[in-house]
Structure formats: structure tokens, C-alpha cells
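Chemist: Listed below are the residues making up each chain.
There are 2 protein chains.
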Amino acid sequence: MKKLINATETVLTESLDGFVSAHSDLLTLGEEHKFVRRVQPKAGKVALISGGGSGHEPLHGGFVGHGMLDAACPGQVFTSPTPDQMLAAAEAVDGGAGTLFIVKNYEGDVMNFEMAAEMATGEIMTVLTNDDVAVETSTFSTGRRGVAGTLFVEKVVGAAAEEGRDLAALKALGDRANAATRSMGVALTSCTVPAAGTPTFDLGESEMELGVGIHGEPGRRRVALASANEIAEEMVTAILSDFGDQAHGGDAFVLLNGFGGTPLMELYLMFNAAEQLLARRGVTISRSLVGNYVTSLEMAGCSLTVALLDDELRRLWDAPVHTPALRWGV
Amino acid sequence: MKKLINATETVLTESLDGFVSAHSDLLTLGEEHKFVRRVQPKAGKVALISGGGSGHEPLHGGFVGHGMLDAACPGQVFTSPTPDQMLAAAEAVDGGAGTLFIVKNYEGDVMNFEMAAEMATGEIMTVLTNDDVAVETSTFSTGRRGVAGTLFVEKVVGAAAEEGRDLAALKALGDRANAATRSMGVALTSCTVPAAGTPTFDLGESEMELGVGIHGEPGRRRVALASANEIAEEMVTAILSDFGDQAHGGDAFVLLNGFGGTPLMELYLMFNAAEQLLARRGVTISRSLVGNYVTSLEMAGCSLTVALLDDELRRLWDAPVHTPALRWGV
Numbered sequence: 215m216k217k218l219i220n221a222t223e224t225v226l227t228e229s230l231d232g233f234v235s236a237h238s239d240l241l242t243l244g245e246e247h248k249f250v251r252r253v254q255p256k257a258g259k260v261a262l263i264s265g266g267g268s269g270h271e272p273l274h275g276g277f278v279g280h281g282m283l284d285a286a287c288p289g290q291v292f293t294s295p296t297p298d299q300m301l302a303a304a305e306a307v308d309g310g311a312g313t314l315f316i317v318k319n320y321e322g323d324v325m326n327f328e329m330a331a332e333m334a335t336g337e338i339m340t341v342l343t344n345d346d347v348a349v350e351t352s353t354f355s356t357g358r359r360g361v362a363g364t365l366f367v368e369k370v371v372g373a374a375a376e377e378g379r380d381l382a383a384l385k386a387l388g389d390r391a392n393a394a395t396r397s398m399g400v401a402l403t404s405c406t407v408p409a410a411g412t413p414t415f416d417l418g419e420s421e422m423e424l425g426v427g428i429h430g431e432p433g434r435r436r437v438a439l440a441s442a443n444e445i446a447e448e449m450v451t452a453i454l455s456d457f458g459d460q461a462h463g464g465d466a467f468v469l470l471n472g473f474g475g476t477p478l479m480e481l482y483l484m485f486n487a488a489e490q491l492l493a494r495r496g497v498t499i500s501r502s503l504v505g506n507y508v509t510s511l512e513m514a515g516c517s518l519t520v521a522l523l524d525d526e527l528r529r530l531w532d533a534p535v536h537t538p539a540l541r542w543g544v
Numbered sequence: 215m216k217k218l219i220n221a222t223e224t225v226l227t228e229s230l231d232g233f234v235s236a237h238s239d240l241l242t243l244g245e246e247h248k249f250v251r252r253v254q255p256k257a258g259k260v261a262l263i264s265g266g267g268s269g270h271e272p273l274h275g276g277f278v279g280h281g282m283l284d285a286a287c288p289g290q291v292f293t294s295p296t297p298d299q300m301l302a303a304a305e306a307v308d309g310g311a312g313t314l315f316i317v318k319n320y321e322g323d324v325m326n327f328e329m330a331a332e333m334a335t336g337e338i339m340t341v342l343t344n345d346d347v348a349v350e351t352s353t354f355s356t357g358r359r360g361v362a363g364t365l366f367v368e369k370v371v372g373a374a375a376e377e378g379r380d381l382a383a384l385k386a387l388g389d390r391a392n393a394a395t396r397s398m399g400v401a402l403t404s405c406t407v408p409a410a411g412t413p414t415f416d417l418g419e420s421e422m423e424l425g426v427g428i429h430g431e432p433g434r435r436r437v438a439l440a441s442a443n444e445i446a447e448e449m450v451t452a453i454l455s456d457f458g459d460q461a462h463g464g465d466a467f468v469l470l471n472g473f474g475g476t477p478l479m480e481l482y483l484m485f486n487a488a489e490q491l492l493a494r495r496g497v498t499i500s501r502s503l504v505g506n507y508v509t510s511l512e513m514a515g516c517s518l519t520v521a522l523l524d525d526e527l528r529r530l531w532d533a534p535v536h537t538p539a540l541r542w543g544v
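Same order as they appear, the protein sequences are chains A and B.
Residues 215 to 544, numbered by this note's numbering, are exactly what the first sequence covers, in order.
Residues 215 to 544, numbered by this note's numbering, are exactly what the second sequence covers, in order.
Certain hints may be false.
As the list claims (entries may be wrong) - Which stretches of chain B does chain A cover? Using the computed rule of at least three CB atoms under 8 angstroms from a CB of chain A, they are:
id: 1; stretch: 258–271
id: 2; stretch: 311–318
id: 3; stretch: 434–446
Think of the hints as simulated: they come from the structure by calculation, not from any bench.
Positions of the beta carbon are idealized from the N, C-alpha and C atoms, including for glycine.
Taking the hints into account, I'd like the entire structure generated from these sequences.
Modeler: Put into C-alpha cells, the structure is as follows:
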């Protein structure tokens, strides 16, 4: 295992120390590294909290700040945070208007966020993200997995929370944004969890895992390495068939997301391939992001996320945001 | 070779097509993919042009926009652009106030930018960056290599150009910013140039290349993989010894730069290590960036850049910027 670390036990805490120090204008750490939260919480605003296993950076800590999350709870690498983390975060960022949890659909996360919601004193609602069209159940999930589309949900709900929308409205918006979003990924290599020390899965020199999960979970099938155009074709087809009639003739937000080990050159090349295929099927990209946003440590590969836009979602996507990983209009 | 590409011959052009399409609000392509430039050049402003081999994305194209570069000329991967590219870019972004080339110190780049400057009709000056303290001469360079510190030079000179400073003043500022900047890198793995198809260099399972160049050029020495703290110690020591007395008691900009294949978690952990070591030697980090900014395709590893700040450099760093890879205040 070749990693820039001191000891596997301290990877997370040392990384969080560096993260919060590099962004001390925006973020502060909760006690015992339980969460990162905005330096300046906003009274009267619904608090937005997400979290999950670490190793997907910048998700979620990198999306804490104005116009997005109020706090994020980092678990150990690829391991759910514990309920006391969410509970401590909820107390710390409570603005008196209730709390919305945004949770990726994995059994550990769902269970632990639910426990925290039951233990909390304030009102809590939850949006579950499950944008991955690759498989219907997986190693760590019953039902579809929540993957890179979570970024879109956090952004639009975060913008609406900043505008003062109430808890029930934000929950409804989050569900609607999630329902408008589909993703699919491909891995060219595995990643190595520091505490494990060996690759999560084996992939032959000329193989790829189509529909891979963000923890290296199996996808739809393992096939011979294909061209960028063929991979994009497979992703676009999977996503658009899943949308069915909804996707025709509209505009979309597209996230061409790197898993951590693929050069930006290749991500833009994949974006180019996906854009042409989408255009041919009547979907115009009106908003986009290309880069490493929801990663799997150093895994090589990428995912395509398509979110169908309407006037409200487009406006909320465009709204000002100031976080470590996304910033505009501020 | 596992890459998300269609054919090695079209990697660069397909990637540039995707890049410009994803950022069409900011950028446009020159004919024959010779350069990318700002959509809206500014009359009366000195034009800033950089470029170099591709594979270091987001450098340089990702830094084209308000407050930074006017154009960037991408060569093939790790190969200098040709003089006709710089010439075409200079013509396209000429604002009537002269042109400043910002060139990383590699023989091919220096020669080709010089030829372009000789062929051009307008007034051209050049800032050469050579921030890498690792070695005094290298595979592709006579004298020190220009590496990640180039980002700092492009940012501060870009801000000053936006304010209307003249060509000679910008040349002097660029030289001063470069002189205030030092970098050093480490590689844990090689990268693979698409056209070559095999790794640029071999590195044993428990080895690292200390002082590596951004094309995988040899560094100071090849040693056993060390801890993050030990690596940070080596980098900080190399950089601060090179600064000598200049570095005492001031504040600095630090770029903890990923080479493309190292997870963000590890980069923040390295930032944490570097910050503590710098503090112990009297250098406070007042501005920072952590992430993949000057990459070597999918190489695992990172570099540390330290730029000593004064009031002017700090103010220019903070000035608004709006490019694909850096954005604030706009």
C-alpha cells in the first residue's frame, strides 16, 4: 500500500485537522472530530446535515458552507459515522427551525442516521438519495445506492434552505431533486482502504467494472476495457432508459465525476463523449461540473450523473455557494 | 494502459472540446485547437499567455479567465506547444498593451516561446518560472524546473494585469513572485503517457522518488517509502534552506498540490503535516490551496509550494478570479 499517511489509525483525524485548518474561514471541527460545521450557523434556518464513510472527498465535508450543508459527519473510510456524531452535529448547528438529514442509501448510514433522528430532541426529517441506476441492490444497500447525484441534492436543497424555506418544503424538494437525478459509474482500477492495506477488489489488466459502486461494490458486469465513446454510450443509455419519457427534449445538469485516480484530461474527454450522445437523444446540458467530487479514494474511473432541470432546480443550482469544493456568486 | 480514451491521437483534441464546452461561458477554442482563450478579451490590458505540454490539468487552460490568463497553449502530453500556437494566441488576445508570456523552465517550452516572441509583431516580454528546488538541472531543463509555483505567479500577475498595470511592471512582478516561490515534489507511482502506453518510469512497491519532476523526471533520490511526516519534513527543510534568511517570521501562501492519483484525504493530511513543520520554523500559512492543480496525469504523490507573502502579493492573491479551476470574489 502506497499512501501519504503516518498510521492507518490516524488517517482520518489528521486529514480532518488539515482540512479544517485550510478552510478555517468557513469551517470548524466538532469535539473528538465528530463533525465539521459552518463557522457561522444561521439562526432561524433549517439545518442541513449529511455524512457517511470517508474516502469520498470532497463529499461531504467539502460541501459545508454558505448555500449548502451546515454540518457533515465523517465516518472512518467507507464506514458509516455513528449516531452520536449526527446527534452532536444536530445540536451544534440547530437554528431552531428543524434539521434535514441528507443520507446516501446504504444500510449502515440509514440505520445510524435513523437512530440519531430518534434520539434527537428537535424535529428531524430525512432525504434519502438513491441515484445509482446500475443495480437494484448491492453489497451495502437494499435498493439503489446513493452516489454522485447526492451533490446535486445537497446543492439545491442548500440553496433553498438559505432562502428560508421550511423543513417540510425542503424535505419535499430534496425528494424531488433526487427523483430527477440518475447516475452510473465505471471503474478501471480498484482502490485500497488504508486500514485494509490491500485492494478492495481485483480487476484484470484489460477489464473494467461497469456500474461500480463508490466503495468498489460490484456493478452490472465486468467486461473488457472499452473506448470512452462505448463507455459513455453505455452510461447514457442506462440513465436515459431509466428516466423513460421524462428525459425528452429538456435541459439537464451533468456531473462528469472522477473517482480520484483518473486525470482531468480524461474526464473532460468523457464529458465530451457524453454531451454528444445526450444531444443526439434530445437532452441539452445547460449546467455542468467536471472533476473529482464524489471519489473512491484513488480508484480510476468516473461516473456520469444527469439531473433533469426545471426552472426551480436550475435557479437553485445557480444560487450562490461558498464551500471548500464549490464556490460561485460569493 | 487503462485510460478513458478513444484513440491516443485524439486524446488532446477531444479533451479540449469537452473542456471548452463545459466552460463556454468563460472560454473559447482557437482554430485547430491551437489555444484556449477568454471569451471576452479586455482592450487596453496586457495579454497574459502561458502554455506547455498537456497532462498537467487544470494547469494552464483551467487558469484562463478573469484575473488570470488570457490564453493558454496546450502541447501534446508532456510536449511543448509549437511557436505557431503561441503566435496565434498572441494575435487573438492582443489588447494593444503588449503580451506577457509565462513559461515554465523546460528547454522545449523556452525555445518555442522565444521563437514565437521573435516572430510576433507586438511587444512581448517573458517571465520564466523555476520554483522547483529539488535539482539544479534535469532531463528537460537547464537550471531549475518550473512546477506548481507557476500557479501562484499566474494568479498574482493576472490580478495585476486586470488592474491595468503595464507590461514592464508585470514582467517585474512576475519575476518577483517567482523569486518568492519554492516547490518540491514526491512521487509514489509513475504515470503513463497515452502515446507511450507504458509507465514513464519504474518505481518499486516500497519506493518513492523524492524531488520528482512533473513529467516523472528523476528527483534528488529514490528512497524507501516514508511516513507523511517524514516526507513533509524533507520538503519543508529543502524549501526553507533554499529560502535561507528570507523565510523567517513571515506569512506564506502554501499550495499542497496533488499530482493526480492521490486522494484528497491524503493531501489534507500532508497539508496538516507541512503546516505544523512550517509553524515550528516561524512560517505561518495565511493563504492556502489543497488539491490537484498542477498534475502529472494519474501519478500518485504531491508537491509542496511555499510563496513568501508581502502586502502586495497577498492582496493580488486575494483579488477576484474567475476561471474553470480557481474562482472567488466574482
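Chemist: Each hint needs a verdict: does it hold in this structure or not?
Modeler: Taking the hints in turn, this is what the structure says about them:
1. 258–271: With 3 residues in contact (Cβ-Cβ under 8 angstroms with chain A), the coverage given for the stretch 258–271 of chain B holds.
2. 311–318: violated (count 0)
3. 434–446: holds (count 5)
Hint compliance for this structure: hint 2 alone is broken.
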